[in-house]
Amino acid sequence: MALYAIGDTHLSLGADKPMDVFGGGWEGYVDKLREGFAPVGDNDTVVLCGDLSWGMSLEQAREDFAFLDSGLPGEKWLLKGNHDYWWTTASKMNAFFQTNGFDRLHILHNNCAFYGEAALCGTRGWFFEENGTPHWEKVFNRELIRLEASLKAAGEREKLCFLHYPPLYRGYRCQEIIDLIERYHVTACCYGHLHGHSHRLAIEGNQGDVAYHLVSADFVGFRPKKILD
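Residue numbers (my numbering): 1 to 229.
Keep in mind that a hint or two might mislead.
[Stated by the list, open to error] Derived BS3-like pairs: lysine-lysine, alpha-carbon spacing no greater than 25 Å straight-line: (1) K138 - K92; (2) K32 - K225; (3) K152 - K138; (4) K32 - K152.
Simulated from the structure, these hints should not be mistaken for laboratory data.
Only a predicted model underlies this, so the values are computations on that prediction, with no experimental measurement involved.
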């Protein structure tokens, strides 16, 4: 049994927006994901850190969910990314998954999941490029509330944090999110969102007592990063 994380699969099996057209290693990325998941076993757990499907609705994303559910091994916990326009309420998503037999897909949102003695906590997070947009402060505060609710739900277990947006990278810190991560003694934080030339800005490794990992699919070579055995 092992725990993995990967973000930004950007699937487009039911929509016309394949990432292959962008080059930069994205060519044939669906096949690369199949190959990259080879070390993952059926009893393993994978946290998917947002930007999972280009579908504009649950129905349009159905083929992508089918691929994630049965085309790739492991139990999957899904976070929201900034391009997950299909995302709706947890009850609607869970009902859609149940109706379609996607029993290996689970929502990580206003909750936490347990993996052995560790707790998997997370939310979408926030990014500086959103500052100043309409209602940004309200949405930002909501993300802080969601993250703290997830961390509180973990109780006294070891806490692992999963975000879509990076809480820090070179030249940027989202101090409010970092404060929560440190206050609740998170031991590792995985995040996505950064692609291409932005990879050079990523913070990897320990910052204080927290180990940070960029897990965007193109950064990890479309191979989920192992977080725990």
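Cross-check of the supplied hints:
1. Taking the CA atoms of K138 and K92, the gap is near 23 Å; set against the 25 Å cutoff, the hint holds.
2. In summary, the hint linking K32 to K225 is supported, as the alpha carbons are separated by about 14 Å, within the 25 Å threshold.
3. Distance restraint check for K152 and K138: the Cα-Cα separation of roughly 21 Å lies within the 25 Å cut-off, and the hinted pair is therefore satisfied.
4. A threshold of 25 Å between alpha carbons decides the hint, and for K32 with K152 the separation of about 37 Å lies outside it, so the pair is violated.
In the structure shown, a violation is registered for the earlier hint numbered 4 alone.
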